[in-house]
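K.L.:
Okay, here's what each chain looks like letter by letter:
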Amino acid sequence: MVLLPAIKKLGYNFPSVHRNAERMAHSAIESARMFNLDSVVVPFDMCWESEALGNEISLYEDSEDILYPTIPYKNWTEVDQVEISQDDIDNIMDKYPMNLLPEAVAIVKKEAPDLALGVWQLGPFTQCGQTIELDKVLKAVFKDTARVEDILDKLSDMIINIGKALQAAGADFITLREPGVAADLLSPKTFRELIQPRLTRIMSAWKSPKVLHICGSTDPLVEMMWQIVTDSGGQAVSFDIKNNLLESRKKLGDDAIILGNFDVFGLPCAEETTVEQAIEGIKTNIDGKVDAVWPGCDLWPDIKEANFRAMEKTAREYHGGFKFKTDG
Amino acid sequence: MASKEELLELLKDGVINYKEEQVKEASQQAIDDGHLALEMIMDGLAAGMEVVGDLYERHEYFVPEVLMCADALYGGLAILRPHVPKSDSDTVAQVVIGSIQGDVHDIGKNLVKMMFDVAGWEVYDLGRDVPLEKFVEEQLRTDAEVVAMSAMMTTTMLGMKKVIKMIKDKNPNVAIMLGGAPVTQDVANLFGADGYAESAGNAVQEGIKMIGRLREFEKKKER
Numbered sequence: 074m075v076l077l078p079a080i081k082k083l084g085y086n087f088p089s090v091h092r093n094a095e096r097m098a099h100s101a102i103e104s105a106r107m108f109n110l111d112s113v114v115v116p117f118d119m120c121w122e123s124e125a126l127g128n129e130i131s132l133y134e135d136s137e138d139i140l141y142p143t144i145p146y147k148n149w150t151e152v153d154q155v156e157i158s159q160d161d162i163d164n165i166m167d168k169y170p171m172n173l174l175p176e177a178v179a180i181v182k183k184e185a186p187d188l189a190l191g192v193w194q195l196g197p198f199t200q201c202g203q204t205i206e207l208d209k210v211l212k213a214v215f216k217d218t219a220r221v222e223d224i225l226d227k228l229s230d231m232i233i234n235i236g237k238a239l240q241a242a243g244a245d246f247i248t249l250r251e252p253g254v255a256a257d258l259l260s261p262k263t264f265r266e267l268i269q270p271r272l273t274r275i276m277s278a279w280k281s282p283k284v285l286h287i288c289g290s291t292d293p294l295v296e297m298m299w300q301i302v303t304d305s306g307g308q309a310v311s312f313d314i315k316n317n318l319l320e321s322r323k324k325l326g327d328d329a330i331i332l333g334n335f336d337v338f339g340l341p342c343a344e345e346t347t348v349e350q351a352i353e354g355i356k357t358n359i360d361g362k363v364d365a366v367w368p369g370c371d372l373w374p375d376i377k378e379a380n381f382r383a384m385e386k387t388a389r390e391y392h393g394g395f396k397f398k399t400d401g
Numbered sequence: 005m006a007s008k009e010e011l012l013e014l015l016k017d018g019v020i021n022y023k024e025e026q027v028k029e030a031s032q033q034a035i036d037d038g039h040l041a042l043e044m045i046m047d048g049l050a051a052g053m054e055v056v057g058d059l060y061e062r063h064e065y066f067v068p069e070v071l072m073c074a075d076a077l078y079g080g081l082a083i084l085r086p087h088v089p090k091s092d093s094d095t096v097a098q099v100v101i102g103s104i105q106g107d108v109h110d111i112g113k114n115l116v117k118m119m120f121d122v123a124g125w126e127v128y129d130l131g132r133d134v135p136l137e138k139f140v141e142e143q144l145r146t147d148a149e150v151v152a153m154s155a156m157m158t159t160t161m162l163g164m165k166k167v168i169k170m171i172k173d174k175n176p177n178v179a180i181m182l183g184g185a186p187v188t189q190d191v192a193n194l195f196g197a198d199g200y201a202e203s204a205g206n207a208v209q210e211g212i213k214m215i216g217r218l219r220e221f222e223k224k225k226e227r
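Protein sequences, first through last, are from chains A and B. Just so we're aligned, residue 74 is where the first sequence starts under my numbering, counting upward by one. Just so we're aligned, residue 5 is where the second sequence starts under my numbering, counting upward by one.
For reference, chain A alone in the conformation it holds in the complex (with noise of 0.2 Å):
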């Protein structure tokens, strides 16, 4: 996670923090150290691997507004033309840029030992949609589900890889997003029959502690998002806006870790929004049974500072206190 007081105060630029370890890594501790929070993030956006996979991103250096990195153009137009190696698989963290993610996260675990270092990975669907248009992997789960699964299956095994080395290079926490799985996209069946095993299956190679993701429609995936959680020895699971957190909670219980859910652009950026909006969007939050306080999607860098600081305080001593964190 990068918030724009921060690498102001550093004297960087948007764009410049993306793709140098360091930048990378300073940035994410100076926007924890800054507004009080528990953990740091990194990275910020979600072109690492397409990179690797010899797509062309780009960072809008030339750009005055905040953009996050993208790729405008993918190598492979159509879904046969996916070509997955095995040496892509075994071998992704030699590849540029994905050589820089240890080093950033040596870095934060060197300079800022005490906060929680959390990485995170997307899932094989939502990378996919990474490497080729959605649009194209949307109509395949139905016209040729069989190489749907081959390519998931083998950015399965790099997502795997993926996570390991990072939480080799120091990681404490990490978070499997999958948000273009949400059910406003994909049915709750084909979560069921494509995407439930193998996000089950990148969670249990992994280390705890874990937490799944997703954003957008999760209201009918609840159910299967907890057992993908429990089936592979997780923790947690996050949801973002548009879930109904009191009906999540009662369909998971008690003992549910349930995170995430309060709006990140409402909240701390949005001009109109006041502080004392803001305090109350937190304790709507966690009166909504969150287990922690934890973004329901990326923070918008460009936050409204009283609002933030506003937003951690209340985290803390609402209800006699809540964690602080951070998942993007």
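Don't take each hint at face value.
[Said to hold, decoys possible] Only pairs whose alpha carbons sit at most 25 Å apart, straight line, appear in this in silico BS3-like list of lysine-lysine: (1) B/Lys138 - A/Lys147; (2) A/Lys377 - A/Lys315; (3) A/Lys315 - B/Lys165.
[Said to hold, decoys possible] Taking beta-carbon pairs under 7 Å as the criterion, some of the chain A residues facing chain B (in silico): (4) Trp193; (5) Leu211; (6) Leu258; (7) Lys262.
[As the list claims (entries may be wrong)] Only part of the chain B face toward chain A is listed, based on derived beta-carbon distances under 7 Å: (8) Ile35; (9) Val55; (10) Leu59; (11) Met72.
Since the hints were derived computationally from the structure, they do not count as laboratory data. If you're wondering where the values come from, they're calculated on a predicted model, not measured in any experiment. Don't be surprised by glycine CBs; every beta carbon is placed ideally from N, CA and C.
Take the given structure of chain A and dock chain B to it, following the hints.
P.N.:
For chain B alone, kept in the frame of chain A given last:
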């Protein structure tokens, strides 16, 4: 030789069950048999898409199915549209559409584009990852009545606000339509937009409603 009703049913069924080849063949057959292309579009293809909207709303269909239905619809539209006489196909209006800079997601944008295509609008599709100024330039160049923008991520949504201001400063009468997962009605209001569709799915529903309204309009014209 298939009757008009049979061809309409083939088109409708082909869109609903994403049978692209069936739609193409029925479209060609309709042209060869001298049926009215606009009627085939509205009562065949568009009627099928209305059913798709119902299936989506009832959670029987999800985005993959809708995308395949859209492929089938476009297969027929490519054959039928050139045969709509000029007087029937006079452009309803013009729309500039695109995904905002920093956002390479275009599923929702393409579904909304389909809605405008079926409805006979002149569509200026700027694609995705579109620099903010490009929306303004294209609106001024085309004098389009509507500008439709989509953003799939919170991180790109804010660009929309700048575009709206730039466009409204130059031409306050332009209607702005926003779409995408992070966009809410509150955000649309705050940014000064005139309408919004919250997701690709919502865009489908909004699109289907619009197609439905257009079909009613066409029927009234015939009376």
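K.L.:
Please list, smallest to largest, the hint numbers that this structure does not respect.
P.N.:
4, 7, 8, 9 and 10
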